[in-house]
Every structure is written in structure tokens, then in C-alpha cells.
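In case you want the letters, here they are:
There are 2 protein chains.
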Amino acid sequence: MRIALDVMGTDYGPKELVLGAVMAVKEYNCDVVLVGDEEIIRKLLKEYKAEDNPHLSVQHASEVIGMREHPGIAVKTKKDASIVVATDLLRNKKCDALVSSGSTGAAVAAALFHLGRIRGVGRPAIATPIPSLTGTTVLLDSGAKVDAKPEHMLQSAIMGSVFAELMLDIKNPRVGLLNIGEEEIKGNEQALATYPLLKKEKQINFIGNVEGRDINKGTVDVVVCDGFVGNVVLKTAEGLATAILTMVKEAIMGGGLMAKFGGLLIRPALRGLKKKLNPDAYGGALLLGVRAPFFICHGSSKANAIKNAIGAAVDGVERNICNRIAENIAKQTKADKVVGSLK
Amino acid sequence: MRIALDVMGTDYGPKELVLGAVMAVKEYNCDVVLVGDEEIIRKLLKEYKAEDNPHLSVQHASEVIGMREHPGIAVKTKKDASIVVATDLLRNKKCDALVSSGSTGAAVAAALFHLGRIRGVGRPAIATPIPSLTGTTVLLDSGAKVDAKPEHMLQSAIMGSVFAELMLDIKNPRVGLLNIGEEEIKGNEQALATYPLLKKEKQINFIGNVEGRDINKGTVDVVVCDGFVGNVVLKTAEGLATAILTMVKEAIMGGGLMAKFGGLLIRPALRGLKKKLNPDAYGGALLLGVRAPFFICHGSSKANAIKNAIGAAVDGVERNICNRIAENIAKQTKADKVVGSLK
Chain X
31 MRIALDVMGT DYGPKELVLG AVMAVKEYNC DVVLVGDEEI IRKLLKEYKA
81 EDNPHLSVQH ASEVIGMREH PGIAVKTKKD ASIVVATDLL RNKKCDALVS
131 SGSTGAAVAA ALFHLGRIRG VGRPAIATPI PSLTGTTVLL DSGAKVDAKP
181 EHMLQSAIMG SVFAELMLDI KNPRVGLLNI GEEEIKGNEQ ALATYPLLKK
231 EKQINFIGNV EGRDINKGTV DVVVCDGFVG NVVLKTAEGL ATAILTMVKE
281 AIMGGGLMAK FGGLLIRPAL RGLKKKLNPD AYGGALLLGV RAPFFICHGS
331 SKANAIKNAI GAAVDGVERN ICNRIAENIA KQTKADKVVG SLK
Chain S
31 MRIALDVMGT DYGPKELVLG AVMAVKEYNC DVVLVGDEEI IRKLLKEYKA
81 EDNPHLSVQH ASEVIGMREH PGIAVKTKKD ASIVVATDLL RNKKCDALVS
131 SGSTGAAVAA ALFHLGRIRG VGRPAIATPI PSLTGTTVLL DSGAKVDAKP
181 EHMLQSAIMG SVFAELMLDI KNPRVGLLNI GEEEIKGNEQ ALATYPLLKK
231 EKQINFIGNV EGRDINKGTV DVVVCDGFVG NVVLKTAEGL ATAILTMVKE
281 AIMGGGLMAK FGGLLIRPAL RGLKKKLNPD AYGGALLLGV RAPFFICHGS
331 SKANAIKNAI GAAVDGVERN ICNRIAENIA KQTKADKVVG SLK
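Chains as they are written, first to last, in my numbering: chain X, 31 to 373; chain S, 31 to 373.
The shape of chain X in the complex, shown without the other chains:
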């Protein structure tokens, strides 16, 4: 199995990504194709004493898409951008899955224009696993499509269910619609129109509306929302987690000698917690609805996160997630057509 890794366009430069790949081929049964500036990559491979590793190869790409470029325009004009070249490896079946930690917008655009959607999928959705009090919750869409239509939200629910089942081993995952109240009559136009679609869809275990406070509680497995809302929620959670851990540290340091001593004693326990809350543990979010497993990592991912994302990509290929999504979407669109013809 071969995983394409776009090593360019990230916050810390290619070194963390190349190191992540070196670590990954030791741990997982896969090859990694490093896509980006060949000279830089070969230098780094030498540095990590991996220039002769048969599981690592290099695919040169002369261009990079920056975080501030218009994604749609950039992937159409920069034919030799690393994310475009990496996506082409998927399309041409030279690789089985892709991992990127460059611009999310560019990754989504490259997947749409250069790889293509699974038949019947209206819009892909980004599924992000987040830690809860009892395990992991999947939030989607976390930013692929803003102003999503109710039909897109329904397909997010179906794809998110498959993700939770196959990738997180959750049986019959509980699906909730993110809303401002539990009652069916609550919500904006989008939520009000989505609720009945989720309610009648037989492929999912819909438990009704959920609220923001339920995301981390462990009472729901798949949280469905619009890409705008999902992105704001994720970034709010990220900022708040950092702020609270900073406040805990400040409270301890400002709390006198005893508190400082206590802080030293609890440090190992807190380090474990920090690890648990760290998005690096899972490695990346998965773009669902495109023709191959397409992982999008945080721009600030370190080597360990990249290694984990490659591991998740291997899982995605082995568990055949795209086929399962294709099957379930086919069932849904077929059922919708039957209903349509009966009208």
C-alpha cells in the first residue's frame, strides 16, 4: 500500500512531515511517496538517515499553494503544486490514500477538481474526531462546505456514521443534529429543514437534536452541522482548551509556594491529559465523499501527528471506507429516487 504525503505549505516546513513519514514506514505496513521540493526532501531524508529506505520515495513538485491563496483558482492554475501532484497520484492509482497539512481549502479544492466525488455525493464533508469524556466524537462538516443544503447535511450524517463505525469501531453510532435546543421545532431554517431528512433516513441511528454542550459529553457519536458552524465550533474548542490550560498553569504559579509544589507533583498527570486533548493523537481529519481516503492535518502538525495520520490513512484503505460510503450513498440516493417516482 502506498500513501502520498504532501510535505509542503505547512507552518513548520517539510522537516516535520518527512520525519513523520520516516517514523510511519517503521510502524505501519506501507510505503510513503513524499511530494514536494525534491532537493529539500532528499536533504532531510539524509539527515534522518533514511535516504536508502525502500519504503520511501520522492515525487518532485515545483510549486506550493499558500494559506492565503484562493483555493479554487490556485489548484486550477498551479498544475505543479504539491497538493495537485499528490492528488494526481491518487487519481492515477499510483497511491491509495493521501495526507496533507497544507491549506485546507486547497486540499478540498484539489480533491474536488483532481480526484472527484463518489457517485451520488453532493458535497464532501470534513470529519474531525474530537476527544469526549467517554471516548471520541466525530464532528462534521468542519469546514468543507459553508451554506450547506439539507441534502448535504443528510449525506454528512450517512458518511459520518460510516466513519464512526469503520474508523472508530463504534457500533450503531448515535447521530445528532447540532442545534440550539433539543426540541424538533428549534433551530434556523437549515436545521429545521434537515431534521425530518435525518429522522426518516433508515441507515442512521438518529437521536435528534444535540447542543454544543453535548459534543464533549460522550452522549452522541456523530455530530452533524454546516461547514461554517463546524469550523467555528472546532476553533472555539481549540482556543478554549489552550486558554483553560494556560489559566490552570497561571493559577498554580500565582498561588503561592504550596500551589507551586503541588503543580510540580501533578505535572505528569496533566501531561497525560494534554496528550489526550491534543488533536495530534488522531492525526487528522478525513475528507469524506471523495474517491480515495484524503486526510487533512492541522497546519501546525508535528512529526508524531503526521505519523498517526499516515496510520489512519492505512486503516482507511484497509477498511475500505470509500467503498462503504459509496454503497451507503447509493442506497440513499436510490431510495430518494423511488420516493420521487412514487410522488
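In case anyone wonders, no lab produced these hints; they're calculated from the structure. For clarity, every value in this text was computed on a predicted model and none was experimentally measured. No incorrect hints appear here.
Treat identical chains as interchangeable: a pair holds within one or across any two.
Only pairs whose alpha carbons sit at most 35 Å apart, straight line, appear in this in silico DSBU-like list of lysine-lysine:
#1 Lys-216 <-> Lys-179
#2 Lys-106 <-> Lys-123
#3 Lys-45 <-> Lys-216
#4 Lys-216 <-> Lys-229
#5 Lys-216 <-> Lys-230
#6 Lys-232 <-> Lys-364
#7 Lys-123 <-> Lys-332
#8 Lys-79 <-> Lys-332
#9 Lys-230 <-> Lys-361
#10 Lys-305 <-> Lys-279
#11 Lys-109 <-> Lys-216
#12 Lys-229 <-> Lys-106
#13 Lys-332 <-> Lys-216
#14 Lys-290 <-> Lys-305
#15 Lys-201 <-> Lys-232
#16 Lys-216 <-> Lys-123
#17 Lys-106 <-> Lys-230
#18 Lys-247 <-> Lys-306
#19 Lys-123 <-> Lys-79
#20 Lys-124 <-> Lys-56
#21 Lys-216 <-> Lys-108
#22 Lys-108 <-> Lys-229
#23 Lys-216 <-> Lys-106
#24 Lys-306 <-> Lys-79
Based on the hints, put chain S in the right spot on chain X.
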């Protein structure tokens, strides 16, 4: 000065609210009119040895609006509901401000139908103060109006600025539009249409788009968003803060003897932090855009939160917040009319 306090329809029943009022009249220079079931209130006043306190009076209301009732229908049909009777005290100038911790929807509906908007205000917005790393950020709208129009978001920005300046003593508050990226071209239709309105409004100090992770950072004072997004964000933050503090506790308790001992030593410092993160510190959110200060507290508010909300209501009346909002909204609508007539 007289504050109307709706003591019904809350999670813990009227006792926390009556106690909050008893505490408030000792601390602030105000009278409180307790609105609700007279028999229950008089019994509680006796219990708190406050039955003869000249600063406390009772206004009987025979009905209550529950959390699950349809707000609009309920405030129109239940003429003797506590929130309706309390709102009527404002309209008839028998009270200067109102505090409620019953159903938010019912409070907003009562304010709209029984008190009325400030001239020129399209829709009221709920402003919620939240703790940041450097002080306090105001998030609005946190739930009064979903599917807000760009004009509503502009007015939220103007009203939120007045709130930050008058109630939180922030000079020239920095206003940000909650979005999924910093660039002007980012966002859903609503955000894209709102950005230029905020950019050209001279009354506010617009600093551009902000992201979810900026809310708690202290780099923005007023965060403007739609009521759906604001509500989801607030509840997510609430749930996550609880989850993280639980995880910190579990990590310490599960971390061996040294960690447990350390946990004991840092307990006082963490208690201070919990207090800082507790929404009770400010007491409530303010419904901006209606004719009198109208405070909406969490349904689970304890006596201390109610006392603080009454204190904030006294502040709101003394600092004349509704007049200032009326002036600034008049400036904005007048400017818009001039622009309109020039077209």
C-alpha cells in the same frame, strides 16, 4: 430605582432567586419587585427573615412559562405569566430594569411583544460576557435571532460596542466578525454580506474577521455573529470547560499518590480559576435593543448569580445604556437613509 425579578420557571425553583434579591438589596442601592407566586415568595421571604424589608415587594403572577413551551404563543396566551407581568412593570414604568432566569425564548418574546424595541432596531440581540485571557469579551448575538440578516448583524456590532464601553469600561472596543478565516473573502453568505457593512460603519472600531480561537484570547472585545452560531459557540464553550476541569480532576485522582497530594495543594488556586470561569460572576446576558435593561440569566443560576445580575441591572440603569443604544442606532439609521436618498 426598582428592579423587577421574575422568580419563576428556573431549574432550582424560586428559592435561589428570592435569596439573590435579599442579598442584592443589602449590597446595591435599589428596590426589587419579586414577580411570581405570592404565597411561595412570602414564605421564602419569611424564611430569609426579610418579610419586612422595605426594599422588597411582591407582585403576584399566577402562571409560569415552561422551558418547553413555544415562546411566542405562550407570552401571548398566558397573560398572567410571571415573565409577562414582570415585563409589564417595565412598560408601565413601575420598574426600571428586569432580571429573569426562566426560558430565554419566553423572555425574548415577552420583551418584543410587551416592552418593544428601541426605535430603528430591527432585532434585539443577546450580549453575553465571557472570560478571556486578559479580561472579558462580549459575544453577541447568543441566541435572540437565528438566520439574522446582515443589517441585524451591523446593529449587533453597534449595540455590542455600547455594551462593552458602558458596562465593561472598555474604551474604543475592538469589534470582530466571527468567521472561518481572517481574509475578507472568507465565510458563508451571511458573513460575506456583513463584512462590508461593518467596515464602513464609523461608530465602531472594526478590526475585521476573527476566528473561534480568538474569542478567549483577549485580542477582540466584541465578537459579532448570528444567534444560531452564537448559541452553539456558547454552549460548546460551557460543555468543554466543564469537560476539561473534570478531566484535570480525573487525571490527578488517577495519577498516583504524589499526584493526589499535589491536587490537594493546588485546590485553592483551582477554586479561584473555577470562580473566574463561572458565568455567575457577571450574572447574566443582556438583551440589547429593547426599551429597558433586560437581563437573562442561566436557568441554573444560584443566588449569587442573581445578586450579580441585579447589580448589573442597576449599572445598566445608572449608565443609561438604552438611551445610548437609541442614540447610536438613530445615527446609523439616519446615515443609511441619507445614503439611500442619494442613490
